[in-house]
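In the order they appear, the protein sequences are chains U and D. First residue of the first sequence: 0, per numbering that gives the first Met the number 0; consecutive thereafter. First residue of the second sequence: 0, per numbering that gives the first Met the number 0; consecutive thereafter.
Among the clues, some could well be false.
[As the list claims (entries may be wrong)] One side of the interface only, derived from the structure: several residues of chain D facing chain U at Cβ under 10 Å:
hint	residue
1	Val1
2	Val6
3	Gln7
4	Asn10
5	Met12
6	Lys64
7	Phe66
8	Gly67
9	Glu127
10	Val256
11	Glu259
12	Met263
13	Met425
14	Arg429
[As the list claims (entries may be wrong)] Dumping the calculated SDA-like pairs for lysine to any residue here, alpha-carbon to alpha-carbon at most 20 Å:
hint	chain 1	residue 1	chain 2	residue 2
15	D	Lys262	U	Gln83
16	U	Lys75	D	Lys47
17	D	Lys353	D	Pro300
18	D	Lys244	D	Ala94
19	D	Lys64	U	Ser33
20	D	Lys262	U	Phe56
21	D	Lys43	D	Asn54
22	D	Lys64	U	Leu21
23	U	Lys75	D	Met0
24	U	Lys75	D	Asn4
25	D	Lys43	D	Ala94
26	U	Lys11	U	Asn48
27	D	Lys450	U	Lys75
28	U	Lys75	D	Glu14
29	U	Lys24	U	Gly13
30	D	Lys248	D	Pro300
31	D	Lys64	U	Gln54
32	D	Lys248	D	Ser322
33	U	Lys75	D	Glu61
34	D	Lys64	U	Asn48
35	D	Lys64	U	Gly13
36	D	Lys47	D	Ala209
37	D	Lys315	U	Arg87
38	D	Lys64	U	Glu79
None of these hints come from the bench; they were simulated from the model. All C-beta atoms, glycine included, are put in the ideal place defined by N, C-alpha and C.
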Amino acid sequence: MRGIITVVGIDKVGIIAEVCTLLAKNQINILDISQTITGGYFHMMMIVNMENSIQEFHQVSDALDALGNQLGLQIKLQHEDIFQSMHRI
Amino acid sequence: MVNLNEVQETNRMIEEENLDVRTITMGISLLDCAHSDCSTFQRKIYDKITKKAENLVKAGEEIQKKFGVPIVNKRISVTPVSICSAACDHADFPAIAQTLDKAAAEVGVNFIGGFSALVQKGMTPTDEALIESIPEALGNTQNVCGSVNVGSSRSGINMDAVRILGERILDLAYVTRHEDSIGCAKLVVFCNAPEDNPFMAGAFHGVGEADTIINVGVSGPGVVKKALESVKGQNFEILSETIKKTAFKITRVGQLVALEASKMLDVPFGIIDLSLAPTPAVGDSIAEIFEEMGLECAGAPGTTAALALLNDQVKKGGLMASSFVGGLSGAFIPVSEDHGMIEAVEKGSLTLEKLEAMTCVCSVGLDMIAIPGDTPAASISGIIADEMAIGMINSKTTAVRIIPVHGKAVGDRVEFGGLLGYAPIMPVNRFSSYDFIKRGGRIPAPVHSYKN
C-alpha cells in the first residue's frame, strides 16, 4: 500500500531529514520525492511504500502530524487512492 | 504515478474549498422486525439498528484519517416506519420515534431518517396514524427525521394527505415553538421520493433495497465556485465543461469513500448521491456559484437557467465517475443553509415564487424556507400541492421542507444553528387556497405517465 506525504510550510534546515528519519524508523521506504519552493514556502510530496511499516497507517499519520507541529509545518499522510481516484480514469 | 500538482489540487479542494463527503448513510431494512406487539417491535428495531450500525461512526472516522477528506456526517435511514409497523395491533408512533432516537444516540449518528409514509395513491390506517403522530413524534425527539411521499408521476397527488400535512406542519411548528419551530426542519413532503437518498431530512430505506446498504452523499459547492473563477467571462460551453470536470472529481472521492466504507463494514454499496449541498459557511454556497456565473445576486433574471445548467452538468460529470448514481443528485437550493441565499432573500432579490420556479430544474425543492407562523394550513397545503405538481408533471423529485415559525412574522429572523443556519421569514401570498384544498381526493396522474 502506498501513501502520499505532503509537507507545507516555511522552508528551513532539516525538514527532509526529520521526515526521513521518522519514516526510516518505521521501515517505510520512500519511492519518490518532489518539491517546490514558492515565495519561501516549502511544498514537498513523497510517495512512500507502507507495506513493511512497523506502525499502523493511522499511527504513522499521527506521528507525522505531531512532527509537523513540532517543526511548525503541516505534514499529512494520505492513502494514494484518493489522488488516483480523482485524477485518473 | 500521481504528481505534485494533482496532490496540491486535491488538498486545496479539501482545505480551502470545503470539499467533503457530506454523509455516509447506512440504510437498514426493518421489515424483519414486524411484530403484532408494539413493545416487541420496538425492541427488535432497537437491537437491529444498534447491531448493524455499531461500527458506522468508527468506520467513518477511520476513512477520514486514511484519505484525509472530512466525512461530516454518519447517518442511518430505515424502512418507512408506517410499513414496518403495520403489523402492530396498536402502533404507538411517538414511542417508536423515541426508540429510533435512542438507537441513533447509542451508535453516535446525528440523524436517523425513515419516520415516513408512502401515501401517493392512498393511506392505510397505519399511514394515517403515523401522519397524525408527526407533531408529537418529531417534536419530542432530537435525531429522528420524517418524510411523507404524497405524489408521484405514476399515481398523481394524494390531496387528502396534502391537506392533512398542512395542518400537521403547523402543529409541529407549535410543539417546537420554543426552538423557533425547528421540528419542521426534520420533516419533508415529497413527490417521487427516491428510495436510496442518503441526505436528511428525507432519507429512508426503500422496500426494494437490500437488508443493509451504504449510500454516500458528496458535496462541494465551494470547489465548483473556485473552478469557475478560472473561466470568468468565457462562454457557456466552457462554463459547462468546467462544472462537469469538477463534478467528476468530487464524485470520484465519494465513490472511493463509499467502496471503502462498504468493505470495512461488510455491507453492500448502494449509490453515490452527487449533490451540491451548501452549508452556512462562506465558500460553501450555491448562491456564490450563481454570482460567479455572472448574476449579481441569486434570484436575478437568469437564475433558473444558471441552476438548470449547473444541475445538469453536475449529473453529467458525476455519471462518468460512478456507475451507481442515485438519491437526489444535483444542486440543493435551501435558503437557511446557504449564506448567499439568505442574503439574496434579505436584499429582496429572491422570493418564494422565484424559488418555486427554480425547483423545476433543481434536484429537490422548496427547502428550509421560514414563513410567518400565522400562515393558514390551507396555504401551506397549497404550497405543497404546487411543488408536488411540478414533480409529478416533470417526472422529477420535488420536496417541501417549510417552517411556519410560531410567533414570527415577515421582517423577523430565525436561528436554527449548526448546519441548518438562519433564515429571514419570507412572505407568503395572502390570498386563500382554502376551498381548493378542502375538495379532497386525488389529482389524477398526468397523461405521460401511461407508458406501459
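Broken hints, by number
9, 12, 13, 14, 16, 18, 19, 26, 27, 30, 35
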